[in-house]
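Participant: Each chain, written out:
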Amino acid sequence: MKKILIIASALFLLGACTSLKDEFTPVFTFNYPEPAAEQGETLVPNMTVAEVAGLYKTGPVDIRRELILEGVVSTTDQPGNFYKTLYIQDETGGIELKMGRNGLYNDYPLGQHLYVRLNGLTVGMYGKNNSGNGMIGIGFTDPTGDYETAFLENKLLIDRHVIKVKGSVLTPPEPVVVTEMELPYKNSTQKTNHFLGKYVTLKGLKYADETFVLLYLDSKQDTKSYTNRVFLSPSNVPGDPTAGITTWAMSKEKMTEYLTSGRWDAFRVGSGNNYTGKTLGDYREDGSYPGVEKAAYSVSQYFKMGNTTIQLRTSGYCKFADLEIPESVLNGTATVDLTGILTLYQGNLQFTINDISDIKVNE
Amino acid sequence: MKKTLTLLTVLLLTTFAALAQTMPTGGVKGTVVNRQGRIPIAGAEITLLQKGVTIETCTTAQDGTFLIEGLADGIYDMIVNAEEFIQSRVFVTVDKGFIKDMFFISMTAERVVTITDEDVVSDLDMADASYSDNPTIMFDANDVFSSVAGYGFSSVRFKNRGYNSESNDVLLAGIKLNDAITGYSPYSLWSGLNEAMRAKETTLGLDPHFTSLGRYNGVTNILATPYNVRKGWRFSALSNSALYRMRLMASYSSGEMDNGISYAFNVSARLGGNDWVKGVYYRSFSYYAGISKNFDDVHRLSLVTFAAPGERGAQNASTQEVYDLMGDNMYNSNWGYQAGKMRNSRVRRTFEPVTLLEHVYTPNDSFESGITILWRTGKNGYSALDWYDAPDPRPDYYRNLPSYAYMEDDDYGRLNHDKYDWAYEMWSQHGKPYDRYQHIDWDHLYDVNRATTDGRSKYALEERHVDQNDINIAAHFYKRFSNRYMLRSGFFGRYDKARNYKKMKDLLGGDYFLNVDQFAERDHAASEAMAQNDLDYFLANGEAQKIRQGDLYGYNYNAVVRYTFLWIDNDFDFGRFKLNFGLSQGYNSLWREGLYRKGLFAGLDDNGKEIVYKGEVLTRYDAQGNPVTSKGMSEIQHFYTFAFKTNASYIIGSNHRIAANVGYFSDAPTFNQTFISARTRNTINPNLTNMRTFTSDITYQYNGNGVNARVTAFHTQIVDKCDVTSFYDDSQKSYTNFAMSKIDQQHIGVEAGIRVPLWLQGLTASAVLSYGDYTYNSTPMVTQTIDNSAELVIDNQPVKYWQSHPIYKQEKMDDGSIYYPVDSDGNYIVEKTVQHYVEGTPQIAAALALNYRTNSYWFFEVNAQYFDKSYLDMNPLYRTEMACAGPDGIITPQEITYMASQIRLPSQFLLNASVGKSWYIKRTYNIGFSLELKNILNNRDVITGGYEQTRLITSDNYDRYYKFDPKYFYMSGFNYMLNIYFRF
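Line order of the protein sequences matches chains X and G.
First residue of the first sequence? That's 25 in our numbering, and the numbers climb one at a time after it.
First residue of the second sequence? That's 1367 in our numbering, and the numbers climb one at a time after it.
It is possible that part of the hints are untrue.
What the hints assert, rightly or not - The calculated lysine-lysine pairs, modelled on DSSO-like cross-linking and capped at a C-alpha distance of 30 angstroms, are:
(1) X:318 with G:1597
(2) G:1798 with G:1912
(3) X:244 with G:2099
(4) X:108 with X:302
(5) G:1980 with X:343
(6) X:318 with G:1980
(7) G:1745 with G:1912
(8) G:2329 with X:108
(9) G:1745 with X:343
(10) X:81 with X:244
In short, the hints are calculated from the structure, not lab data.
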């Protein structure tokens, strides 16, 4: 019996040591092997951006064919002006990929060559109404009908459809200079205008003395209800087209500063023809505004390119949100050159820059 | 007072004298103790013989005492038998009708087979794994309840009488070693040193303790001195399928040599993972060395040092959705593959050496004094992933789950079933292509870091440190003034400075990480200075610090705790009646010392001026107009502590004992309860008060005919407890701090244990039960602040549905739909109130065990356990009116029921067995094994703990909030522990 026990314990020790060896190698030394770099794939593209845009007719199109688009990433969400989305472009135009994840530049930096396997995705338009077109983009089917496409969001879904081109090097696109004549019309799409959605430069824009911001009293409530909305726009308070906003956008801190200064007190709560009868000033209590949510907000600053109005839209979450617009721009003595993505929203031209360095002031 | 006492004494004495007159007056009394540590042995059988004829028998009481009266003068042969001790035999002379006091009769343990390996228990100390409470260890082999419950119930994290582990005093050589910052038990300091730390004095509940006043949840004093370590060499190898692959241990103790010196050492290694939880592993070592010299049995000086250096990978809790998708309740989201090798992101790495010097002075039998100085230092780090401006790398992040895309109930606004299918595939399919989604994708983290243009890591592995420098001194003495009265007293002093900081452990392929606060950066886009974790560095260098491997970053502060107390205890011994009362008074002070000036809370500079950067004043002020500071010393918080305890017991006949205890304790808040956000600033919890505990219990015990039984009923009221938690509050879209105060708890219950010998020699049956009702019974107050701005969200408002929530009267409309009628004031009519319970332990626990020991050193045990009435930790946010009201601010009965209800965990049944045998070879060598089979029925649904998440989902109609799913920890299924040992 004793012998058996001694033999058994020897076997037991041996067994334990053997099973330890494998699970222990990196743990014990803390020398975890350096992983190999991700490789990407090689696919054969059979679509251009203009062709993808051409698939769109009047409503969202679920793609169920082996269509493959190749493009290069033209935007970056690093400074925070693009959020959860990116644009890719080829010779024929640029198109949005509604990725739905943050920190996209970490995986898909500016200049990254990508394939988009369209099979299983949806092509739809964002920002279309009676007065004009929005932008055709690539996303996922949205059963709610709120939007024509939803964000991809899911990692597996993204990895199966957005694929890095194997062996490609980063080649950030060069901006194309677009003249006023070449600008899209309100019913243009990426099929009909090759500059839409593309990385372009617009030169000699003049500040138009007009801003647009949509505030929500409480973003936890229905943000579509007029009782929850305040438009800082020329139509709200006649004679106050800029609401005193002199920054490109506003962070939560800057917004609080504007609000508590009392500068916006005359702005009415409501939209269009429906106003609640209250103004922002009515929410003032001891110098603070408890009924108004303090948050970061996007701002549209209006510029004129010749006779064409272009809204420069900047996110309140971007790193340059609170930078002051140079005085020379505000007073009209200087024009700006903008480099970024040219888009349409309800037939209006909008422009989004990657970073503050994309605004060049011509003193 | 003195008069009353004298009177009482006289009264009692007369009573006894009167009783004594009716029978022969002679007798014998004493206390049976374990030679190691003078631990009283309860239930020892004492037989008095004269010429081989049994004259009288009795068993010792809970405190090891016995008294045999009615003896005629003469010489008696006294035999003392106690389970697991070597029989002791002495001659006793009774003369002149006096009661002979034997004082201490010490016995030597013969326990060669030890199945109960406390190491396993202490290793469950998961201060990691988001788990804050250690299991209760109360180990008194002679009390049936504690011997069954103490080890057997630890697998389900049973807490004795529902108390949290802070209330259990753990002493080492008389020094209270509960963590000075959190109050948690410090078992992990000596895990793996089972042999060296085996000798201990344990008391339960309110029972008196010898070298301290004791508390209401027992005291464990680990003796730790070399002369208490069992003599000889001991080697053991252990394998455990639910914890670690292997433990190897060796120990040696010289015993006391002729020159009065004794020395001992103990080393061990715990290595490997287990069969149940992937990614969990041990790489832990431990050592103990002690030397002691006995100077003529008068002075004894001991020097001891030990530590348990090593690291271990931790387990994480996930939601049931994840467990179900993975088909495994033991899924662990902490690990992933790196170049094909398993790597755990959450690793606790510690090296905390403890050194102590003890001097004991015993000039005679009636006096002892002792003084111990203990120093704990070293490092304690716990790693975690950190990331900057990149997606959350944790695989089970809620946005990665199917439920985030689609929920059955469309009010959640999660309607995308096609996307659900993708998420479902991602989690329900298994194999290599899916590993990167179901576990941490280390390879991808490296890819991201290597792709940055300037080497700035986006993902990194941080190590959160709490490095303590803890100096303690304890002194005690006792003096036996007479057979009837002993005075014990002591002093305790502690100074603990715990450095809290983050250290860069691994840049994961990048070159540096930036020392900025990305949440501050988000809220203060325009101000680079506000985002700084170390503003002074930024101001001096014009840029944020680039953190390299090994650098400190994030937060950096000292938690300083200082406390002292004096205690005094009086023991009166009137034979059958014993009385004890004592009190302690102390003074605590604590403060925070910030070592970083955080951009958000710049405070004032050294000259008392505001901090200005590029024309912007960074200094912020709180509601009272004081600058919010992060650097430098906070205000010192002072607290006076007080405790009073009294115990009385009476022995009826030779088998029955009744005892009663009463105690009052006023305890200072811990450091963690004091600061609202210790990582960032000096702001103090506004409603800080001492926590007071009123407690009492009453016990009946029976020892006789081999039967050992105890029943205790207890009642405890805890008043004004404080708590601070921090979490992301969706309603504020910010990380917030939640400082609660005025939390009251009531613990009522009974615990009972009985052991009876069965028909077969060596076969015994034991049954234990703990039946409690541990409730919250106050409406606490809360102050909620935004972590990044110190801005008030809730200013000292009640947490309305914390202790209970109402169920309102329902009525059915004609069409069958339900509505809630209102009274004349328009209020809903309360039909009943649902009580909320103290969480984290089964309030009902029962076990039935059969033990069989043979004379040839075989032993067998089978035990069945039942646990019920266990509740999940409540998160206070869900019990506020705000959360119940939802975004629309209107509270409805349905919302209250949904939001405020507490989760009761399912009851559980477990079956365990063990077997062991030891052999003696030539009387000097001893070899043996023990095998424990746990959870034989392979019950895989036992939730051992978990917590509610604090996040809220806004309903599609903006009229209510939904809760996030709670996270659970599960117990392993069937597992074994095999221990093989060799001793000589």
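Participant: Each hint needs a verdict: does it hold in this structure or not?
Facilitator: Hint check results:
Of the pairs offered as hints, the one joining residue 318 of chain X and residue 1597 of chain G is violated, with about 71 angstroms between alpha carbons and a cut-off of 30 angstroms exceeded. Annotation: proposed proximity of residue 1798 of chain G to residue 1912 of chain G is violated, straight-line Cα distance about 36 angstroms (limit 30 angstroms). This hinted pair checks out: residue 244 of chain X and residue 2099 of chain G have alpha carbons roughly 10 angstroms apart, not beyond 30 angstroms. Of the pairs offered as hints, the one joining residue 108 of chain X and residue 302 of chain X is violated, with about 35 angstroms between alpha carbons and a cut-off of 30 angstroms exceeded.
Annotation: proposed proximity of residue 1980 of chain G to residue 343 of chain X holds, straight-line Cα distance about 17 angstroms (limit 30 angstroms). Restraint check for residue 318 of chain X and residue 1980 of chain G: the C-alpha separation of about 25 angstroms stays at or below 30 angstroms, so the hint holds. Distance hint between residue 1745 of chain G and residue 1912 of chain G is fulfilled; the C-alpha atoms sit about 24 angstroms from each other, no more than 30 angstroms. Distance restraint check for residue 2329 of chain G and residue 108 of chain X: the Cα-Cα separation of roughly 25 angstroms lies within the 30 angstroms cut-off, and the hinted pair is therefore satisfied.
Between residue 1745 of chain G and residue 343 of chain X the CA atoms are separated by roughly 38 angstroms; this puts the pair beyond 30 angstroms, and the hint is violated. A C-alpha spacing of about 35 angstroms is found between residue 81 of chain X and residue 244 of chain X, which places the hinted pair above 30 angstroms, so the restraint is violated.
Of the numbered hints given earlier, the model fails hints 1, 2, 4, 9 and 10; all others are met.
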